[in-house]
Amino acid sequence: MTTLVVGTVPPPGGEAAAQLAALASQLRATGERVEVLSPDRRSAAHHHGSITGPMLALQLIRRSRSCDGVVIAFGPGVPLAATAGRVERAVTLGLLGVALRSFSDVTLRLASPIPLPGGVGGRATAAMWSRATSIVVENEADRERVVLAPGVDAACLVVRPTAAPAHGGRSMAWNELHFDTADLRSQVQLAVRERAAEARRVNSARVELGAKGVLDDGAGPFSGTSARVSPPDPVVLARVFAGRVRRVLRKLATQP
Amino acid sequence: MAEAAHSLAARDHEVEILTTCATSHFSWANEFEPGRSEDGRVVVSRFPTVAVRSRSAAAQLEHRVQRSESLSPADEIAWVNGRFRVPELYLELVNRAEEFDAIVLSPYLFWSTIYGATVAPERTIVMPCLHDEPYAWLGIVRSTLSAVAGAWFLSEPEHQLGHRVAPGLAPFHSVVGAAVVVPEHYDAAGFRERHGLSRPFVLYAGRREEGKGWRRLLGEFGAAIASHELPFDLVTFGVGSPDIPEGLQSRVIDLGYLESSELPDAFAAADALLQPSLNESFSRTVMEAWLAGTPVIAHAASEVVAWHCERSGGGLTYSDEIELGECLAFVAGAPKTAAALADEGRRYVLAHYTWPTVTDAMERSIEGLVASRQR
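Line by line, the protein sequences give chains A and B.
Converting from the first sequence to our numbering requires adding 1317 to each position, the first position being numbered 1.
Converting from the second sequence to our numbering requires adding 5 to each position, the first position being numbered 1.
Just so you know, the hints here were simulated from the structure itself, not pulled from any lab data.
Here the structure is a predicted model, which is why all the values come from computation and not from measurement.
Some hints could be false.
If we take Cβ atoms under 7 Å as the criterion, some of the chain B residues that face chain A in the derived model are [unchecked claim]:
1. 193
2. 195
3. 231
4. 260
5. 318
6. 327
7. 342
8. 344
Capping the alpha-carbon separation at 20 Å, the derived lysine to any residue pairs in SDA-like fashion look like this [said to hold, decoys possible]:
9. 341(B) - 1345(A)
10. 341(B) - 242(B)
11. 217(B) - 1568(A)
12. 217(B) - 180(B)
13. 217(B) - 1504(A)
14. 1568(A) - 1421(A)
15. 217(B) - 29(B)
16. 341(B) - 1504(A)
17. 341(B) - 1421(A)
18. 341(B) - 1492(A)
19. 217(B) - 242(B)
20. 217(B) - 341(B)
21. 341(B) - 1568(A)
Think of the CB as a built atom: it goes at the ideal place given N, C-alpha and C, for glycine as much as any other residue.
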């Protein structure tokens, strides 16, 4: 069995990225073939590409030829940008519901708070939830919300909390900083401003490129490198579309 | 004001409180019985408020003030009368003003202050609690702050704003500050247990209103936890409906209204206090958090709180959700350094904002006012 893991994995990433990488690694350890699709081209992934908006569905359809299962980590910008409107939400989630039909095993991992503008309910999400063989949420409150959404099979819902990043990600970096006791407040305030300015710069670059996601921690060999994603290839889009049309036509032709 | 009255009474001053029968600053409905009572060594006289006749006219004027439109003097007076009136209190002052060495009125935008100040301006001190908001720039506020003998400010930025608002500011004005009571002990673990708080949390304490920055804070906190994967929940208590968005309901916990005896423990249990309000003339919760050894993260656009943070060395400021995220990440990642900041804040409160210090300043101001009349 080959499983496609969709979401940001390190490097550089944060806690969520590290957990997704750990999951992919565990799947591999059980003997499955795993392919990772990450929006951040710095990630140690098999494939890089935009997974925001309708692009996610197109990527899934394209990869479904070689993969039986899929794990999608819902997070900032995946599958919807925080600014997504009703139409974009309906189109993206509707297409996602269609794309998920190509997989026999579908796991949806939801960050908390659940990053779905417009909430977890509604017709647009029903097809997506109904295709899921497993829906992983971080806490009971999220479970109670999701279980009420149309299309959700309560038996598929699993609560698996993300460990609090006591010593990890950006917090760790703060822990490593050294401050003199004299005028402590000014030093910390300056560090806050500088780190925020760096985060704004990274965010701005991502927004320009349409790939808003988890912030870089600004440390290590990947600092200063671009988080740019692979742009959508029009030829690929056309091939995916044509392939899908062919498949539907073939299906219709074989029906009695 | 009530605590100041008791503090002065404890130093053998004869103190009376003249106030309304209302408890809500929205409805101004009479809820207490009018009349005279005693609260320890302080005499309390309550007077009924009078209902506003035309609420639509008052609302129109309020709308114009909020948009910083220029109002005629008559419109400004109509605006002051459009919230509540308490004419019996005014008449009591007219009758008894000569009995008092000083008449302290607060805050600046209420009928009782604007009208009360006209009775005996030579012995009146206004404690305005000014914010840089459209009301502060009304002509009637300027003339009140210029006509009275004294003004008490809670902070230096408020004092400077007073000069900008009223260039001919009352001659006997000073920064007296405000005081907080220093608790004898804290029970952070007990508070967590009583309220079922198992995760680390940051605290917002106060009115859950647009004007206090509550809704903006919800958005900023949501963005901060989404981008930083912070371990904190946001715990809140106070009046007003919190209206927590669905997506944040698992991370924002509303404790409703807490008894005052619980507040010190709440401050001690938090990993940090968030102060998003831009309209603060002092910010008591910031002082209470520092006293409890809890660091403060405040909005940078609040001139007064930013001043406290800088002057004390005890708090951080943020100007958007990204900086808030960094501040919270700092508290999560470097708790010892954050505690060291809070220690600076505690030292600051103990040095400037305890009742003995503040009452000394009030006494000095009143003595100066009385002496000037006798010259």
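Going down the list of hints, with the structure as the test:
no.	hint	in the structure
1	193	violated, 19 Å
2	195	violated, 23 Å
3	231	holds, 5 Å
4	260	violated, 16 Å
5	318	holds, 4 Å
6	327	holds, 5 Å
7	342	holds, 6 Å
8	344	violated, 11 Å
9	341(B) - 1345(A)	violated, 40 Å
10	341(B) - 242(B)	violated, 26 Å
11	217(B) - 1568(A)	violated, 60 Å
12	217(B) - 180(B)	violated, 24 Å
13	217(B) - 1504(A)	violated, 28 Å
14	1568(A) - 1421(A)	holds, 18 Å
15	217(B) - 29(B)	holds, 17 Å
16	341(B) - 1504(A)	holds, 15 Å
17	341(B) - 1421(A)	violated, 50 Å
18	341(B) - 1492(A)	holds, 9 Å
19	217(B) - 242(B)	holds, 13 Å
20	217(B) - 341(B)	violated, 30 Å
21	341(B) - 1568(A)	violated, 65 Å
This entry does not satisfy hints 1, 2, 4, 8, 9, 10, 11, 12, 13, 17, 20, 21, going by the numbered hints stated previously.
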